Amino acid sequence: MQAAARRPRTNHLDLAQRILDVARQRGFEAGAHLPEQQIASLCNVSRTPVRAALRLLTEKGVVRWEAASGYRLAIDLAAQATMTADLPVTEEDELAEKILRDRSARRLDQTVTVGALMRRYDAERKTVLKSLKKLTEENLLDRAPGQSWLFRRTPDDPEAQGESYEFRLMLEPAAILTPGFRLDGTRAAALRQGMEALLALPDAAFDSREFQRLDIEFHSMIADGCANRFVTDALSDHLRLRRLPGVYAGVNVFRLKQSLREHLTILDHLEGRQFEVAADLLRVHLRLSRNQRPQAASRGAPALFGMISRPD
Amino acid sequence: MTRKASPTIALFPEASFGAALNCVGIAQALRARGARPVFICHAGFSGVFADYGFQEYQLPTDDPLSDSERQSYWQAFVRRHLPHFKLSPVDQLETYVAPTWQAIVDTAANAEAPLRQLLARLKPDAVVLDNVIMFPALAAAGCPWVRVVSCAETELPDPEVPPYLSGLAADDPCRASFEARYLAAVAPAHDRFNRLRTEAGLAPLPKGLFLEASPDLNLLLTPSIVRRERAEPLDPSRFAYLEGCVRSEGPFEVPVFPRNGGPLVYVSFGSLGAMDVGLIERMLAVFDRLPARFIVNVGGLRDSYRAVPDNVYLDAWFPQPSVVAKSDLFIHHGGNNSFCEALRFGVPSLIMPYCWDGHDNAQRAEETGVGNHIGRDGWTEGVLEKAILGLLADNEMRARLRENAADMALKPGTDVAAEAILSLIRT
Numbered sequence: 001m002q003a004a005a006r007r008p009r010t011n012h013l014d015l016a017q018r019i020l021d022v023a024r025q026r027g028f029e030a031g032a033h034l035p036e037q038q039i040a041s042l043c044n045v046s047r048t049p050v051r052a053a054l055r056l057l058t059e060k061g062v063v064r065w066e067a068a069s070g071y072r073l074a075i076d077l078a079a080q081a082t083m084t085a086d087l088p089v090t091e092e093d094e095l096a097e098k099i100l101r102d103r104s105a106r107r108l109d110q111t112v113t114v115g116a117l118m119r120r121y122d123a124e125r126k127t128v129l130k131s132l133k134k135l136t137e138e139n140l141l142d143r144a145p146g147q148s149w150l151f152r153r154t155p156d157d158p159e160a161q162g163e164s165y166e167f168r169l170m171l172e173p174a175a176i177l178t179p180g181f182r183l184d185g186t187r188a189a190a191l192r193q194g195m196e197a198l199l200a201l202p203d204a205a206f207d208s209r210e211f212q213r214l215d216i217e218f219h220s221m222i223a224d225g226c227a228n229r230f231v232t233d234a235l236s237d238h239l240r241l242r243r244l245p246g247v248y249a250g251v252n253v254f255r256l257k258q259s260l261r262e263h264l265t266i267l268d269h270l271e272g273r274q275f276e277v278a279a280d281l282l283r284v285h286l287r288l289s290r291n292q293r294p295q296a297a298s299r300g301a302p303a304l305f306g307m308i309s310r311p312d
Numbered sequence: 313m314t315r316k317a318s319p320t321i322a323l324f325p326e327a328s329f330g331a332a333l334n335c336v337g338i339a340q341a342l343r344a345r346g347a348r349p350v351f352i353c354h355a356g357f358s359g360v361f362a363d364y365g366f367q368e369y370q371l372p373t374d375d376p377l378s379d380s381e382r383q384s385y386w387q388a389f390v391r392r393h394l395p396h397f398k399l400s401p402v403d404q405l406e407t408y409v410a411p412t413w414q415a416i417v418d419t420a421a422n423a424e425a426p427l428r429q430l431l432a433r434l435k436p437d438a439v440v441l442d443n444v445i446m447f448p449a450l451a452a453a454g455c456p457w458v459r460v461v462s463c464a465e466t467e468l469p470d471p472e473v474p475p476y477l478s479g480l481a482a483d484d485p486c487r488a489s490f491e492a493r494y495l496a497a498v499a500p501a502h503d504r505f506n507r508l509r510t511e512a513g514l515a516p517l518p519k520g521l522f523l524e525a526s527p528d529l530n531l532l533l534t535p536s537i538v539r540r541e542r543a544e545p546l547d548p549s550r551f552a553y554l555e556g557c558v559r560s561e562g563p564f565e566v567p568v569f570p571r572n573g574g575p576l577v578y579v580s581f582g583s584l585g586a587m588d589v590g591l592i593e594r595m596l597a598v599f600d601r602l603p604a605r606f607i608v609n610v611g612g613l614r615d616s617y618r619a620v621p622d623n624v625y626l627d628a629w630f631p632q633p634s635v636v637a638k639s640d641l642f643i644h645h646g647g648n649n650s651f652c653e654a655l656r657f658g659v660p661s662l663i664m665p666y667c668w669d670g671h672d673n674a675q676r677a678e679e680t681g682v683g684n685h686i687g688r689d690g691w692t693e694g695v696l697e698k699a700i701l702g703l704l705a706d707n708e709m710r711a712r713l714r715e716n717a718a719d720m721a722l723k724p725g726t727d728v729a730a731e732a733i734l735s736l737i738r739t
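First to last, the sequence lines map onto chains B and A. The first sequence begins at 1 in our numbering and counts up by one. The second sequence begins at 313 in our numbering and counts up by one.
The hints are simulated quantities; they were obtained by calculation from the structure and are not laboratory data. Since the structure is predicted, the reported quantities are computational estimates derived from the model, not experimental observations. Ideal placement from N, C-alpha and C gives every residue a C-beta, glycine not left out. Among the hints, erroneous ones may be present.
No more than 27 Å apart at the CA atoms, straight line, and that leaves these computed lysine-lysine pairs for DSSO-like [as the list claims (entries may be wrong)]:
no., chain 1, residue 1, chain 2, residue 2
1, B, K257, A, K638
2, B, K98, A, K519
3, A, K398, A, K698
Okay, the calculated beta carbon distance ranges per label pair [as the list claims (entries may be wrong)]:
no., chain 1, residue 1, chain 2, residue 2, range
4, A, D418, B, T113, 50 to 60 Å
5, A, A515, B, P202, 43 to 53 Å
6, B, D122, A, P603, 17 to 27 Å
7, B, V284, A, D483, 57 to 67 Å
8, B, A189, A, A317, 52 to 62 Å
9, B, V284, A, L495, 46 to 56 Å
10, A, A388, B, E163, 20 to 30 Å
11, A, G365, B, R273, 26 to 36 Å
12, B, P202, A, D418, 36 to 46 Å
13, A, V566, B, A160, 54 to 64 Å
14, A, D484, B, S148, 20 to 30 Å
15, A, R433, B, S148, 27 to 37 Å
16, A, S549, B, A189, 25 to 35 Å
Under 7 Å between C-beta atoms, here's a sample of chain A residues computed to sit facing chain B [said to hold, decoys possible]:
no., residue
17, G365
18, Y369
19, P372
20, C455
21, V566
22, G612
23, R614
Given the sequences, and given the hints that come with them, work out the whole structure.
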């Protein structure tokens with residue numbers, strides 16, 4: 001367990017991510033001063049954990065330490081939508097990912113117990129509990145009676161995917177049209193850069209994981225921009241489900257690239273404050289993405305029309 | 313003969329993935345040559361072709377059933393026929409093949425009027441039909457039509473070729489009795505179809521045949537390595553063999569398995585085969601004890617499985633050509649599309665056929681040494697294990713298949729098809 005011992009503490013990692021989020025929201029540029037006291041009050045914590053989190057960011061090259069002036073931002077945050085990929089993962093994060101992977105492949109049942117997870121992953125009780133807590137906080141899991149946990153339904157089968165798109169069709173355009181919608185310009189710029197870079201790749205080198213990250217980030221940006229926090233919460237909870245393995249299965253590169261172009265057009269209109277047009281385009285985008293593959297068809301059983309029709 | 317700048321080619325595949333995706337491959341090659349490929353599709357398939365960037369024209373249907381009634385009807389159809397997939401090819405004739413031909417004739421009859429109207433409006437420069445039955449509207453469309461024989465080569469009869477859907481060898485002594493039983497079983501559907509043809513102004517077809525050769529161009533998805541000698545060779549001016557017809561898909565990243573070692577085996581029985589959960593569950597129990605990783609296509613039925621082994625990964629859909637390219641063995645149902653993909657990427661096939669030309673490809677895979685086959689029913693865990701491990705260990709077969717795949721890659725069937733189709737178009 002030596003490797004695990006070297007892992008940073010979860011709360012320092014979380015705080016490091018929060019510091020970056022605050023810096024991005026406030027438009028801090030590369031070289032900006034990051035005074036410990038100011039960061040501590042912006043993040044509602046004391047200076048001690050802030051120091052540890054800044055040290056962590058220094059190790060990753062995101063922040064630099066200068067003897068004369070203290071910590072400074074070392075990179076252009078606008079160039080990256082999130083830093084998550086670059087921060088080290090904790091043992092419980094790693095376990096949580098394994099749990100999600102194995103649930104998606106149906107190696108785990110819908111209900112799991114701590115004991116069974118400890119045995120399966122050869123993990124300590126506290127690590128399993130932390131992973132389950134994390135998944136519960138992300139609304140991927142619910143505590144069931146006794147020592148068991150229940151996975152929530154995820155949009156990884158055709159019927160659930162149809163319902164997921166119906167839900168998003170109701171709320172995402174509404175998120176834009178609710179008075180007070182605010183676009184995070186820095187986040188939008190970083191996203192645009194990421195989407196354009198992905199679009200430029202040839203089909204054979206297309207990175208579908210990067211698509212998944214950008215897609216969730218794009219739709220989360222719209223959710224976060226909504227002035228109605230209940231809409232934001234409902235959408236954020238739902239979009240988190242799209243992080244799960246298996247959700248993006250079955251979409252070919254042509255459609256994924258088309259989808260990126262649709263995102264960029266919506267972004268154009270959001271940046272131009274043409275919110276009604278953006279909401280209409282978002283509705284069309286979601287409808288096109290909802291197109292499902294037929295569920296059953298085969299040569300020799302040629303007319304399974306009923307079974308292969310889409311919800312609309 | 314000069315070509316139009318951007319000719320419209322209407323592709324009309326039957327409502328099956330095999331045909332649909334073959335045609336996507338051809339359409340991609342046509343588009344790359346500046347043509348405008350469009351798809352005529354059955355209601356349930358709309359969206360599939362648009363996702364590859366092609367214009368779709370949905371064929372209207374005057375089917376009086378509501379969506380839910382139609383769904384119930386076809387769910388019952390599949391439930392009724394799942395047990396028949398365990399029967400031998402000859403015993404499927406009355407139980408599965410005959411009712412399926414009736415359903416196919418229904419499809420052709422229902423499509424005739426709307427198809428005529430659509431073709432009159434669309435005015436394509438050529439129509440590509442990937443189906444097993446003729447639609448008289450095509451003959452009246454006023455443009456060349458292309459037949460894609462995307463089933464096994466047995467679809468085109470010849471004295472040296474085994475009977476269609478029989479799973480027999482060409483010289484099998486049961487040949488005559490199979491043929492007689494086939495003709496008797498399909499006669500009611502055939503009679504009805506010939507009446508439809510006559511009413512539409514087309515000559516009736518000989519017994520047992522539902523689709524004639526196109527007078528313009530016929531494309532056979534039969535790679536050289538499995539091609540048969542014919543007593544009456546096909547006229548090369550009208551018949552072109554394709555070395556498969558594999559569409560291009562995005563890259564596939566092999567998932568990390570909790571038990572992450574050994575060769576990679578891909579398992580897909582097509583969307584209909586994915587409904588046979590019982591069979592796949594039995595197979596998973598065998599996979600669990602083998603030193604290999606298994607990727608299994610289970611369609612939309614992932615929730616039917618529990619306690620999936622750590623060396624198995626299930627999903628609803630895979631970019632199949634990209635997965636096959638990374639696999640060491642492909643276990644499939646003998647659909648010609650899957651068979652050609654296995655050959656194209658030099659991967660041995662273990663065929664477990666359940667119906668139609670899957671039986672013919674299963675037989676042919678073994679005859680030509682490109683794979684093996686076992687029956688869908690009646691296998692024991694030991695038989696399946698031995699078949700999988702045997703193919704994985706057969707280095708000689710693998711080397712031969714790799715060499716063949718390199719040859720196939722030099723003359724992609726999609727390119728040959730697109731060139732042949734475009735050469736038909738008159739100014």
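Hint check:
Simply put, K257 of chain B and K638 of chain A have alpha-carbon atoms about 24 Å apart, close enough for the 27 Å limit, and the pair holds. Restraint check for K98 of chain B and K519 of chain A: the C-alpha separation of about 59 Å exceeds 27 Å, so the hint is violated. Using a Cα cut-off of 27 Å, the hinted pair K398 of chain A and K698 of chain A holds, with the two alpha carbons roughly 21 Å apart. For D418 of chain A paired with T113 of chain B, a C-beta distance near 52 Å keeps the hint of 50 to 60 Å intact.
For A515 of chain A paired with P202 of chain B, a C-beta distance near 50 Å keeps the hint of 43 to 53 Å intact. Here the CB-CB span from D122 of chain B to P603 of chain A is close to 21 Å, well matched to the stated 17 to 27 Å. Distance hint check for V284 of chain B and D483 of chain A: the Cβ-Cβ separation is about 59 Å, which falls inside the suggested range of 57 to 67 Å. Checked against the given bound of 52 to 62 Å, the beta carbons of A189 of chain B and A317 of chain A, roughly 41 Å apart, lie outside it.
Look at V284 of chain B against L495 of chain A: about 52 Å separates their beta carbons, and that is inside 46 to 56 Å. The given range of 20 to 30 Å is respected by A388 of chain A and E163 of chain B, whose C-beta atoms sit roughly 25 Å from each other. Between G365 of chain A and R273 of chain B the beta carbons are some 31 Å apart, a value that agrees with the proposed interval 26 to 36 Å. At roughly 44 Å, the beta carbons of P202 of chain B and D418 of chain A sit within the given window of 36 to 46 Å.
In this structure the supplied range 54 to 64 Å is violated for V566 of chain A paired with A160 of chain B, their Cβ-Cβ distance being about 25 Å. For the hinted restraint 20 to 30 Å between D484 of chain A and S148 of chain B, the CB-CB distance of approximately 58 Å leaves it violated. The hinted window of 27 to 37 Å between R433 of chain A and S148 of chain B is violated, with their beta carbons roughly 60 Å apart. Look at S549 of chain A against A189 of chain B: about 60 Å separates their beta carbons, and that is not inside 25 to 35 Å.
A hinted interface residue such as G365 of chain A counts as satisfied when its beta carbon comes closer than 7 Å to some beta carbon of chain B; here the least separation is about 5 Å, so the hint holds. For Y369 of chain A, the suggested interface contact is broken, since its CB lies about 16 Å from the closest CB of chain B, more than 7 Å. Evaluation of the P372 of chain A hint against chain B yields a violated restraint, the C-beta minimum of about 12 Å exceeding 7 Å. The beta carbon of C455 of chain A is not positioned within 7 Å of any beta carbon in chain B (closest approach about 24 Å), and the interface hint is therefore violated.
A hinted interface residue such as V566 of chain A counts as satisfied when its beta carbon comes closer than 7 Å to some beta carbon of chain B; here the least separation is about 13 Å, so the hint is violated. Against a cut-off of 7 Å between C-beta atoms, the interface hint on G612 of chain A holds, since the closest Cβ of chain B lies about 5 Å away. Proximity of R614 of chain A to chain B holds as hinted, the smallest CB-CB distance being about 6 Å (cut-off 7 Å).
The structure fails to meet hints 2, 8, 13, 14, 15, 16, 18, 19, 20, 21 from the earlier list, while all remaining hints are met.
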